[in-house]
Amino acid sequence: MKRALALLLALLLVIPMAACQTGNPSAADPTEAPAPTATQEPQEVQNAAEGIIGGKKYLKVYKTSFSSSYSSFNYFSTAYSTVRSIVSNCIDGLVEPDIYGVYVPSIAESWETNEDQTVWTFKIREGVNWVDHEGKDTGLAVTAEDFVDGIRYIGDPQNDAYSLRVVRNLIEGLYDYYWNLDDIDDPEVQTDLVRDEVIASFDETVGVKALDEYTVQYTLTSSAPYFLSLIESSMLLLPVEYDYAMEMGDDFAVDNEHMLYCGAYYISHFERDKAITLTKNPLYWDLEHITVDTVEYQMVPEGTTSLEMFKRGEVDDTSVEAEEYLSMAGTEWEDKLIPSERSLSTNYLWLDFQGENPEFNTFIQNENFRKALQYSLNREAIATLRDPVNPARILRNTINAEDAIFDGNGVDYTDYEPLKAIKETNYSNPELARQYMEAAVAELCEADGTIKGIEACTVDYLPVGTFEVDGKLPVTVIYVGTDDESEIIMAQLMKAMVEEAIGTDLINFEIAAFSGWTYGTVADPLNYDIYFDSLSTGYADPSGLLTRMTTDGAENVGCYEVPEYDALIEKSLNAATFEERLQYFAEAEAYLCNGAYVIPFISSLRGYYMTNSMPFTSPLTLYGNSKYKGTLVMEEPLTYDEYKTLEAAYDIARTEALKEN
Amino acid sequence: MTKYILSRTLRSLLTVVIVFVTVFMLLRLMPLTGYFPQEILKETDEATRMTYLRNQGLLDHPFVQLWRFVKNLFQGDLGRSLTVYPKVPIATLLKEKIPVTAAFGFSSMVLGIILGISLGLLMVRYKDRWGDRLGTFYILVVRAVPSLIYLFFIQVWISKWFNLPLVFYKDRPESWILPTICLSLGSIAYYALWLRRFMVDEENRDYVKFAQVKGLPKKVVLRRHVFKNAMIPLVIYLPSDLLFIISGSLVIESLYAIPGTGGLLTNAIKSQDNNLVQVIVLMYAILSVIGVFLGDLLVAFVDPRIKLTEGE
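Going line by line, the protein sequences match chains A and B. Read the first sequence against the working numbering and you will find it ends at 661, with the numbers running on by one and no gaps. Read the second sequence against the working numbering and you will find it ends at 312, with the numbers running on by one and no gaps.
Here chain A stands alone, though its shape is the one from the complex (with noise of 0.2 angstroms):
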């Protein structure tokens, strides 16, 4: 009730303004290979952070919540995000983030690649041991062997690893060792593979190699200069003790006492569904950089009780939702909000290509109706449900997340032309959606308003439901949502804006909440015309994203059909060099959003949030991990102000960083 009168609230605080652009950060450079930096001294940090903002005493625990169940740490088979969190703390890639977003050492000491960028040697640092569930030494040491039986465990699947695609599809060999067992385990399927000889065959086959105990090498299919970014991203390219999670078998990191740690914490305490206790690795190989002993996590699965017990100190930090952010204005806490950083999540609405509504498949494949949906929605008015103090930080006309890819000169790929000029475009226009509807009308509808060649009829949407159009204007278009309620009211202001902005004389706009939505019943299947949905830059390049959108991609859940668009991938994928790669990658992602085939709209960043520790001393993931090593935790909470200044001096700070690299 609390939260659907503070969303109420929020709306009625939407008023259109002019779209303007989040800032963009300064360039990373994570494809530049060699010349490492080491990760900055936590003292440095320190001293830096309190000649800024004053002296501050700091505690060895840190306390967090978490709002939904860890089902498992197995971080091959277990391709839940939230999992990362906790594995990115306890197991070490081969390198890792520094504060700035500038890729370091870790368990491989230095690297280098060839000149395509097809070939990575990583050199493994000697003496870091596996530990167990109580920090003890297992004596077994982390090899290069590890890193190649990680991909051997992802590789089988029995092993259930099921969402490798990416590094199924880069490294080489991979592709055909995992379909060659597959094909041996399917009963359907005649083969002559004997699964022996396919797994004893991997070290040869497949493209990584322990060249010896320290010096691991991975041979791609195809130029990555974004690979050390999928070392951060992927849990897959993490190492395994292969004998133990052989000897484990489906037992193997269901809870903490079935994994082995080789990261800067271990798992000492695990109780399912309630709380985990991450402990220092005593053996860890950085321990110098680590500040913070022991983390300590609950669940609480209300995002109120967690703002309550940040309150109490019960815990070091809180996510503080926009319409609680309305209701602490005046408090003792306004001061401490902080606005949530970024998020490489967007917000789209996707359009159905080949839907079963004979009235909205006639004008969707025009390009002027999708323009006009396009321009008739205030972006900055629907953000302002997610922040209602700043809502232009949210708005995102791009596919792929700013401040996330970098060229070799650290330019943004949101910065290349003709993506910028989207990237900065004011989609917010009535008129110009009026416009462009009254000429999609005029190329599809008889002068009675009759649309060509439609017959009225009941549409089949079910199990959403099923809906009469009478094939004349005005156009019914079906927006199928969740029945979430904060979803209903972002659906019911979409509803309001569009149908303002084109007319309800030449456009119905339809709401249908689901309460039993999935995408397995709505999205897949075609029942819809237009769904919100969102999806996320996994890591610094745009194939992630933008391969998966082709005509027969597997993202392409509307089933458009450009061709266009297409050859600019296969363009991109072919370049000679990185920023020809993006370059064409850029005016793919532009042919995509100027064609209204999906409208992104907003970023998934929302609220603010409070905390004890202090900002800018952890590494800067960017992919979904969060790491506690060189965090400080403060006794009392960080203050907006604070916060600024430390940031004003970050993005310098990070600006040098990134000019060095």
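Do not take every clue at face value.
[Claimed, not checked] Think about it this way: if two alpha-carbon atoms lie no more than 25 angstroms apart in a straight line, the pair counts; the simulated DSS-like pairs of lysine-lysine are: (1) B:K127 / B:K270; (2) A:K644 / A:K63; (3) B:K219 / B:K209; (4) A:K659 / A:K627; (5) A:K280 / A:K63; (6) B:K170 / A:K60; (7) A:K452 / A:K420; (8) B:K160 / A:K311; (9) A:K63 / B:K127; (10) A:K644 / A:K57; (11) B:K170 / A:K63; (12) A:K627 / A:K63; (13) B:K209 / A:K280; (14) A:K311 / B:K209; (15) A:K571 / A:K420.
Hints were generated in silico from the structure; no laboratory data involved.
Once you have looked at the hints, place chain B on chain A.
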């Protein structure tokens, strides 16, 4: 009696089998995409998804799957969770979760019975006066006001006033107080409402009037005759509470972060965790028939007018 118990046991077994097989088969009618959460569904291609499903045995004929499940069940293997807690043994899950929920369920049931009966007696004793009105007000609030409102109020404000923890901690006994109270609010209202109603009904019976005419004090009549007879319909439902004790409350367990079974079945169904759904349904079905069965036995025990078989 023996004949009755035997026949009833067989009927109960049949009920459990029908419920189980129906649920098992219905689960196999669900779309295959439902085995994958949305974020994973979008990340994977169909061929890989089919490989995963085949590895889990989900593409086998439903009867093959049924036979495998039953065979494993008789070998003491409940299987592993598919989607909610991937690969975690279901026996482990239940072993972790049931004791927590049962502890809360049992303590709240005891509290509910004690306070509910006390309130019911108070309402009868002071019928149409302040005690009755107060009880009626309480019952109305609990039954008419959306529970989230007063549950939030209790969690945030009562915890603040009495300095109690906001969520449950296993090692802090004081953190048990609020969730137990919250869990018992409904049953207090239930027992009070029905006890009052049954006692008022009994009070109007001839035998009560006769006892009063005989000169027995009202207190004695209430305690010895009215209360005893009014409790009979309530007592027969007590065994059914067995199921409620272990099934938990989705809302309260979520509010107080109790790692119990509340919401487990709902989550399992939503995520199409067939193995987990099957085991829980089987367990709940068995507990339900046992509860009803015990209720029938209990009523014969407490009410001499009722015989379980014609011959007895």
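Tested hints:
1. B:K127 / B:K270: 47 angstroms, violated
2. A:K644 / A:K63: 24 angstroms, holds
3. B:K219 / B:K209: 13 angstroms, holds
4. A:K659 / A:K627: Roughly 24 angstroms between the alpha carbons, so the hint for K659 (chain A) and K627 (chain A) holds.
5. A:K280 / A:K63: 14 angstroms, holds
6. B:K170 / A:K60: At roughly 23 angstroms apart (the allowed maximum being 25 angstroms), K60 (chain A) and K170 (chain B) satisfy the hint.
7. A:K452 / A:K420: Between K452 (chain A) and K420 (chain A) the Cα gap is close to 38 angstroms, so the pair fails against 25 angstroms, i.e. violated.
8. B:K160 / A:K311: Given pair K160 (chain B), K311 (chain A) holds - Cα atoms ~11 angstroms apart, limit 25 angstroms.
9. A:K63 / B:K127: Violated. K63 (chain A) to K127 (chain B) sits at ~52 angstroms, over the 25 angstroms cutoff.
10. A:K644 / A:K57: 20 angstroms, holds
11. B:K170 / A:K63: 17 angstroms, holds
12. A:K627 / A:K63: 14 angstroms, holds
13. B:K209 / A:K280: 76 angstroms, violated
14. A:K311 / B:K209: Not satisfied, since the Cα-Cα distance of roughly 61 angstroms exceeds 25 angstroms.
15. A:K571 / A:K420: 20 angstroms, holds
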